[in-house]
Amino acid sequence: MRAVSAPTTSEQARSAGRTRTGAKRSERRAAYLFVLPLVAIFAGFYLWPAFNTAASSFFRWGLLQPWKVTTPGQWDFVGVHNYAATLSDPDFWTAAVNTLLWLVVFPLLVTGFSLLISILIWYTSLGRGFFRTVFVLPMTISLAATGVIWSFVYNPDPDVGVLNAFLKLTHLNFSVHWGPIRFQTGEWLSNLGVIHLGFADLRLTNLSLIVPAVWAFAGFGVITFTAGLTSVSHDLVEAARVDGARARDLVRYVLLPALRRPLVIVLVISVIFALRVFDIVFVMTQGGPAQDTQVLALLLWQQAFAFIDSPQGGLAAALAVLMSLTLIVGGYPYLRALTRRSPR
Amino acid sequence: MSALGRNRGGAIVLYGSLSALSLAWLVPVATAFMISVLPLEQTHNGWWNFHLGELTYRNYVRAWHQGLSSYVANSFVITIGAVALTLVAGLLASYAFARLTFRLKHFSYFLLITTMIVPVQIILIPLLPWFRTLGLQSGPRQYLGIILVHTAFGAGWAVFMLSSFIADIPDELFEAAQVDGASQLDLFRRIVVRLSLPGIVSFAIIDFIFVWNDLLLALTLLDRDHQPLTVGLANLQSPHLAQEDIVSAGAMMAILPPLLLFAFLNRFYVRGLFAGGVKG
Numbered sequence: 003m004r005a006v007s008a009p010t011t012s013e014q015a016r017s018a019g020r021t022r023t024g025a026k027r028s029e030r031r032a033a034y035l036f037v038l039p040l041v042a043i044f045a046g047f048y049l050w051p052a053f054n055t056a057a058s059s060f061f062r063w064g065l066l067q068p069w070k071v072t073t074p075g076q077w078d079f080v081g082v083h084n085y086a087a088t089l090s091d092p093d094f095w096t097a098a099v100n101t102l103l104w105l106v107v108f109p110l111l112v113t114g115f116s117l118l119i120s121i122l123i124w125y126t127s128l129g130r131g132f133f134r135t136v137f138v139l140p141m142t143i144s145l146a147a148t149g150v151i152w153s154f155v156y157n158p159d160p161d162v163g164v165l166n167a168f169l170k171l172t173h174l175n176f177s178v179h180w181g182p183i184r185f186q187t188g189e190w191l192s193n194l195g196v197i198h199l200g201f202a203d204l205r206l207t208n209l210s211l212i213v214p215a216v217w218a219f220a221g222f223g224v225i226t227f228t229a230g231l232t233s234v235s236h237d238l239v240e241a242a243r244v245d246g247a248r249a250r251d252l253v254r255y256v257l258l259p260a261l262r263r264p265l266v267i268v269l270v271i272s273v274i275f276a277l278r279v280f281d282i283v284f285v286m287t288q289g290g291p292a293q294d295t296q297v298l299a300l301l302l303w304q305q306a307f308a309f310i311d312s313p314q315g316g317l318a319a320a321l322a323v324l325m326s327l328t329l330i331v332g333g334y335p336y337l338r339a340l341t342r343r344s345p346r
Numbered sequence: 440m441s442a443l444g445r446n447r448g449g450a451i452v453l454y455g456s457l458s459a460l461s462l463a464w465l466v467p468v469a470t471a472f473m474i475s476v477l478p479l480e481q482t483h484n485g486w487w488n489f490h491l492g493e494l495t496y497r498n499y500v501r502a503w504h505q506g507l508s509s510y511v512a513n514s515f516v517i518t519i520g521a522v523a524l525t526l527v528a529g530l531l532a533s534y535a536f537a538r539l540t541f542r543l544k545h546f547s548y549f550l551l552i553t554t555m556i557v558p559v560q561i562i563l564i565p566l567l568p569w570f571r572t573l574g575l576q577s578g579p580r581q582y583l584g585i586i587l588v589h590t591a592f593g594a595g596w597a598v599f600m601l602s603s604f605i606a607d608i609p610d611e612l613f614e615a616a617q618v619d620g621a622s623q624l625d626l627f628r629r630i631v632v633r634l635s636l637p638g639i640v641s642f643a644i645i646d647f648i649f650v651w652n653d654l655l656l657a658l659t660l661l662d663r664d665h666q667p668l669t670v671g672l673a674n675l676q677s678p679h680l681a682q683e684d685i686v687s688a689g690a691m692m693a694i695l696p697p698l699l700l701f702a703f704l705n706r707f708y709v710r711g712l713f714a715g716g717v718k719g
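So the sequences go chain by chain: L and P. Here this note's numbering is used: the first residue of the first sequence is 3, the next is one more, and so on. Here this note's numbering is used: the first residue of the second sequence is 440, the next is one more, and so on.
One or more of the hints may lead you astray.
Example chain P residues on the side facing chain L (calculated, C-beta under 8 Å, incomplete) [to be verified]:
#1 491
#2 494
#3 541
#4 577
Covered by chain P, per the in silico footprint, the following chain L stretches (three or more residues, Cβ under 8 Å) [claimed, not checked]:
#5 270–280
#6 294–307
#7 313–320
It should be emphasised that the hints constitute simulated quantities derived from the structure, not laboratory data. Just so it is clear, the structure is predicted and the values come from calculations on it, not from any experiment. Beta carbons are placed, not taken as given, at the ideal position from N, Cα and C, and that holds for glycine.
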């Protein structure tokens, strides 16, 4: 459109204005039609159930007779009792401690491994595509299949399980009992050891579940870091080399600054992943032995669905609300960052 | 030639450590694959002691006949249905989010985006009664039910990724078409669908992998005859049953479709993943 236009009569200006607001209105109407299908599905199968979960967490009910908005006559209001009961349940704290272990160890291992791998790959000149493929492909494997695959690897019989066979061959299998720490190789999925902290026991068997998850998830880190590293020019590194910079300085002053943003992304996404972890625990140990590898997501599922005849629906709902609130509050800065990028 | 690659010692350390890591990364899949192509008795003496003559595809045939065929079919029905619906509804909505103005736009965008971090557990518990109310709890209608839930939960990703692709389309194209009298639907069909094709493909792949790999929703919402392969694997997996041959064959079948899709369309996928992630 021309910036400078010929003077127009007020008549013309008014009619132009009218069509512009008319266009605006029809654009808005079109916009509603465009978003309608998605928003309708979203409201019906996300917002509505989420509202139901939140509301039903204040009532006592079981899955045989679920809480319903439409039947106020059957409501058994218990206030915040479900929340209080959840927070005073030892099973909840066992699961919370294990989930916390996931929250700390998983992001660290994912970040450490994928950072190391992507920097190594960045240095290579041959076989780059091959290496990247090897580390990225497990990303496409479901966590259910990952659990199955790693159960084979972990088989305690050194004639069957490849990990124990390897340790036997290299004489690396050992057990230590050192102060509050007990650790032994061999029975990866039933008894890897424990750290007594006084107020809580850290069950090391959780590590046997974290490792497969890291294996499956590291590819995401490799992709993210590799994308960050493409902005680092090999010429710059070469120039630094000529000036006598050591490899360690290169990593510190050239690579890490380029990786700050990918680092945040990988950490945030892996923390979210760790708090929601369910599949791998369900397939590999079902939270056992005893409650050693129980996590919040699995505890919730068991409360809601494994014992249908007990009125634990409200407890499970309270747990779901607590988990979601933790993620929304903790992840709010991340969500804000995503929405700030929102188009227009 | 990179800095480290230039001196010989550095190159040996570099390629040595990368090869060791690669090997460690490949062992789990190799284990599952070898167990799936060896007779069960041989597996119990260590799959690494195999002889070439023992390799067999019989485990796959048996697994297929012992129920995996229906799990695989269910996986495809659910995944293709969910990806198609999410893509159509998501692309329509993304056009509005990227190029049109309407009320509550930012608020609804924020709500959609929350699905990227909120755990699926927040909707899981009331879904079964809700399905009963809607008549989606039995027979093939269960497919529709879980497809709708997957669509609702994929909505955030869809709008996030697809609208960033649509926003990259030059304004001039839309303006020129509008001068020619094109309606919004024309703009969508002629410009958006065609020019955001890389975005569509990469989102379809990501969503395919996501839905194909879902365990929790399927486990909770579907009955035995409509469960996908992930649930099938969880059902088969039990340390007390000596059926590693069947389980491993099932695991390989579960791995293959997303892997092939990814391998063929690697380029699209990576680009799509970073449309929103890293750049910007």
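(request) Could you tell me which of the numbered hints above are not met by this structure, giving the numbers in increasing order? (result) 1, 2, 4
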